[in-house]
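Chemist: Residue numbers (our numbering), protein chains in the order written: chain A, 1 to 459; chain B, 1 to 322.
I should point out that these hints are in silico values taken from the structure, not numbers from a laboratory.
Every residue gets a Cβ at the ideal spot worked out from N, C-alpha and C, and that includes glycine.
Hints may contain errors.
In silico lysine to aspartate or glutamate, EDC-like type, Cα no more than 16 Å apart, as pairs [as the list claims (entries may be wrong)]:
(1) B/Lys257 to B/Asp247
(2) B/Lys144 to A/Asp311
(3) A/Lys312 to A/Glu299
(4) B/Lys271 to A/Glu426
(5) A/Lys414 to A/Glu12
(6) B/Lys85 to B/Asp247
(7) B/Lys271 to A/Glu136
(8) A/Lys192 to A/Glu12
(9) A/Lys199 to A/Glu426
Covered, in the sense of this in silico footprint (three residues per stretch, anywhere, with C-beta under 8 Å from a C-beta of chain A), are these stretches of chain B [as the list claims (entries may be wrong)]:
(10) 100 to 108
(11) 247 to 254
(12) 283 to 296
From the derived model, a few chain A residues whose C-beta atoms are all more than 12 Å from chain B [said to hold, decoys possible]:
(13) Val53
(14) Arg57
(15) Trp62
(16) Pro116
(17) Leu130
(18) Gly133
(19) Arg134
(20) Ser137
(21) Ser177
(22) Leu183
(23) Gly190
(24) Arg200
(25) Glu299
(26) Glu310
(27) Gly333
(28) Gly404
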Amino acid sequence: MRTPTAEERLEERVFRPLVHTSLGWYLWTAFLIAIIAFGLFGYTNQLRRGLAVTGMRDTVIWGLYISNFVFFSGVSMAGTFISAILRITGAEWRRPLTRMAELTTVAALLMTALMPVVDMGRPDRVLYLLRYGRLESPLVWDIAVISTYLTASLIYLYLFVIPDSAVVRERLRGKVSRLRQGLYTLLALGWKGLPEQRKRLERSAGVMMLLVIPIGVATHSVVSWIFGMTYRAGWNSTIFAPYFAVGALYSGTAMLITIMFLMRRVYHLEEYFTEKHFRYLGYMLVAFGLLYFYFTFAEYLTIGYKLQSEDKLLLQELLFGRYSFLVWLGFIGGQVVPLLLAVRRRTQTIPLLFVASLLVNIGMWVKRYVIVVPSLANPLMPYQWGFYTPTWVEMAVTAASFAGFALVFTLFSKLFPLISVWEMKEGWERAREVAVPSQAGLAARPARLDSDPGGPRHE
Amino acid sequence: MGVVVIQVDYSAKDKIEEDMDQGDNLRKWQLSRRQVLKAVGAAGVAALAAPLMPAFLARSAGSGPEEGSKATRLRQWVLVFDLRKCEGCITKGTPPKCIEGCNAEHFVPEGQEWIRVFQVEGPAGHSYFLPRPCMQCENPPCVKVCPVGATYRNDEGIVLINHERCIGCRMCMAACPYGVRSFNWDQPENPPGALFANYSPQYPVPHRRGTVEKCMLCAHRVQDGKLPACAEACPMYAIYLGDLTEDIATNGKDVVKLSQLLADSSAFRLKEELGTRPRVWYIPGHGQEYGHEVGDERPPIKARTWQEQGVTLEKKREGASK
């Protein structure tokens with residue numbers, strides 16, 4: 001019996017979840033839906049009784065919802081961005097992870113878009129934002145930029161789903177329902193792999209990867225300006241846009257590592273998400289983390305040096321006062337420890353990098369919280385500090401948003417391959433051409449080169 | 001209580017604006033923040049949201065409902081707080097009357113104070129009182145950030161809220177550097193009959209859940225030539241209503257030249273450095289004219305809500321017709 005080729009093994013592996021659904025998947029999905037249902041229950045409570053059911057009051061007017069909004073917006077920035085920069089720079093190791101990265105963006109953006117609506121006092125008037133939208137308002141910039149980024153990311157994700165859909169339709173003929181078969185036919189857009197089609201796909205991908213980078217940067221910059229355009233201590237900063245953007249790359253990279261680790265475990269993608277991928281993503285994490293540290297340092301040094309009265313009050317509470325636990329948790333747990341784990345050769349193992357990524361996720365969420373809440377609690381006039389304790393409604397909705405984020409991946413994994421089959425094959429073809437230029441395309445097996453996309457290998 | 005009806009006509013709005021505000025003259029040669037914002041915002045958003053542009057452009061012009069102000073009279077309202085006369089009503093042993101007057105006039109929702117009296121510890125170790133209504137800024141940060149044009153500045157320089165448009169995002173509350181805005185987290189109690197009241201941004205009754213509230217300089221009263229409720233209620237005559245176009249101010253007892261009152265008494269505005277150009281002025285003092293000692297640390301008494309004062313729409317109507 002002949003050994004299956006790399007292509008066949010890959011297809012076997014990534015198409016398997018599309019056909020076989022384990023009991024665990026159903027349990028997990030039911031679990032997520034239960035959390036979402038509880039969140040919806042909390043939200044209906046809020047709809048019925050107003051925002052009074054939250055912990056927000058007149059001084060601290062934003063809380064968990066807006067923190068989640070900033071967090072998810074940050075996560076969304078990194079996925080497509082990473083995929084695009086790695087494609088542009090021709091990094092071959094990107095191939096197995098681009099789809100996960102792009103999906104992260106889409107899933108996170110859906111939650112980003114949801115959060116401000118949940119936070120609205122009059123959700124029944126949400127369409128006023130389109131009807132009466134004013135260009136001067138940072139919130140309207142947000143709507144424009146988030147919808148643009150969502151559209152662009154969906155297109156970018158979809159481009160490489162086109163050839164994959166065609167393959168899935170061929171390979172799974174008779175194994176999936178006719179409805180799904182029809183869906184794949186529709187999404188494949190008549191893809192036959194013709195040279196003309198390939199050229200168009202390449203060109204579209206080229207345009208999109210150049211477009212999504214500025215749009216991604218714009219998205220998180222605009223989110224920062226919701227805060228940066230006010231006079232409040234802690235928000236009144238000119239570096240907020242790049243500060244947020246770098247933080248977004250940092251937290252998004254961590255989220256990608258977390259998701260890859262989980263998917264690798266669940267769908268047995270060990271062969272494709274290798275230690276090398278985690279290590280390289282770990283290096284990116286370190287780079288973004290150091291940049292983020294630099295911005296944090298610059299921001300707080302300039303505030304702390306001058307100690308303007310409101311800044312001083314805020315800084316005292318952040319560093320030594322009521323928020324100090326969260327601040328130091330975010331800094332040590334979310335920045336120092338993960339970077340130490342990711343930078344040392346001995347700790348660059350997959351499980352430890354996973355731990356590092358989890359720490360960054362938690363740390364960055366906490367960081368969002370301590371950006372949003374303390375600046376609001378800081379008194380603008382001679383009165384007391386504001387108080388804020390989230391209520392169960394806010395926590396339920398927050399949990400539901402994370403469950404919704406996870407559900408996007410869970411459902412996607414049943415419909416499409418989690419690794420871009422097209423991109424992997426393209427990588428092998430290219431490697432073959434490089435290896436045997438005189439017999440381009442004739443080689444029976446993919447060559448093992450440094451530019452190997454991280455496919456079948458046994459390190 | 002004194003009602004001053006001022007009958008001078010000013011038809012040329014351009015002239016008024018020149019007279020009233022040197023800051024506006026600067027705009028002619030300086031790029032204002034508003035312009036920079038508009039240019040940057042427009043360029044950035046246009047590039048990203050080309051498909052949405054037509055809708056935005058159609059709506060961004062002329063947001064806010066039409067004002068019913070009389071064409072012949074265009075006031076530019078100002079409030080002046082003479083802190084020499086303000087002692088937080090503690091020597092009288094009553095809650096601050098300005099707050100109670102305001103609560104009664106607007107049926108201010110419980111937990112909110114549209115005008116608030118702070119007891120401030122000055123840097124020199126003295127204590128004084130600072131009543132804080134909405135500053136009615138000429139460069140209002142809240143108006144700039146509102147995504148739907150629900151809060152806007154009317155022709156007479158009053159920052160109003162259209163509660164029929166407010167979406168409750170609370171961006172304006174984040175932007176206001178004076179913390180003057182409140183939010184209806186719950187459905188506030190309205191007086192009986194309020195649901196049939198004729199709502200307008202000039203007199204925002206009934207109050208609605210999920211919208212933002214604040215002092216609106218009694219827009220409904222000043223247009224009828226009455227003092228704002230806080231000024232009318234002040235037993236010390238410490239609050240002046242002024243008009244920049246006519247350079248006049250009154251506290252219901254005296255009528256003075258506004259510019260002279262401000263200059264003679266070294267009046268100041270809050271957070272001048274922010275460039276919001278408030279239309280509320282303060283004359284420094286600590287209530288000395290009513291015998292308040294700087295060392296007197298007694299805080300103001302908590303003001304009664306409109307319910308506690310027993311105000312109803314009927315009683316108010318009777319009072320108005322007297």
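Chemist: Work down the list of hints and note, for each, if the structure agrees.
Modeler: Structure-based check of each hint:
no.: 1; hint: B/Lys257 to B/Asp247; result: holds, 6 Å
no.: 2; hint: B/Lys144 to A/Asp311; result: violated, 24 Å
no.: 3; hint: A/Lys312 to A/Glu299; result: holds, 13 Å
no.: 4; hint: B/Lys271 to A/Glu426; result: violated, 62 Å
no.: 5; hint: A/Lys414 to A/Glu12; result: holds, 14 Å
no.: 6; hint: B/Lys85 to B/Asp247; result: violated, 22 Å
no.: 7; hint: B/Lys271 to A/Glu136; result: violated, 23 Å
no.: 8; hint: A/Lys192 to A/Glu12; result: violated, 20 Å
no.: 9; hint: A/Lys199 to A/Glu426; result: holds, 13 Å
no.: 10; hint: 100 to 108; result: violated (count 0)
no.: 11; hint: 247 to 254; result: violated (count 0)
no.: 12; hint: 283 to 296; result: violated (count 0)
no.: 13; hint: Val53; result: violated, 9 Å
no.: 14; hint: Arg57; result: violated, 7 Å
no.: 15; hint: Trp62; result: violated, 7 Å
no.: 16; hint: Pro116; result: violated, 7 Å
no.: 17; hint: Leu130; result: violated, 6 Å
no.: 18; hint: Gly133; result: violated, 5 Å
no.: 19; hint: Arg134; result: violated, 5 Å
no.: 20; hint: Ser137; result: violated, 4 Å
no.: 21; hint: Ser177; result: holds, 35 Å
no.: 22; hint: Leu183; result: holds, 27 Å
no.: 23; hint: Gly190; result: holds, 27 Å
no.: 24; hint: Arg200; result: holds, 23 Å
no.: 25; hint: Glu299; result: holds, 19 Å
no.: 26; hint: Glu310; result: violated, 10 Å
no.: 27; hint: Gly333; result: holds, 28 Å
no.: 28; hint: Gly404; result: holds, 21 Å
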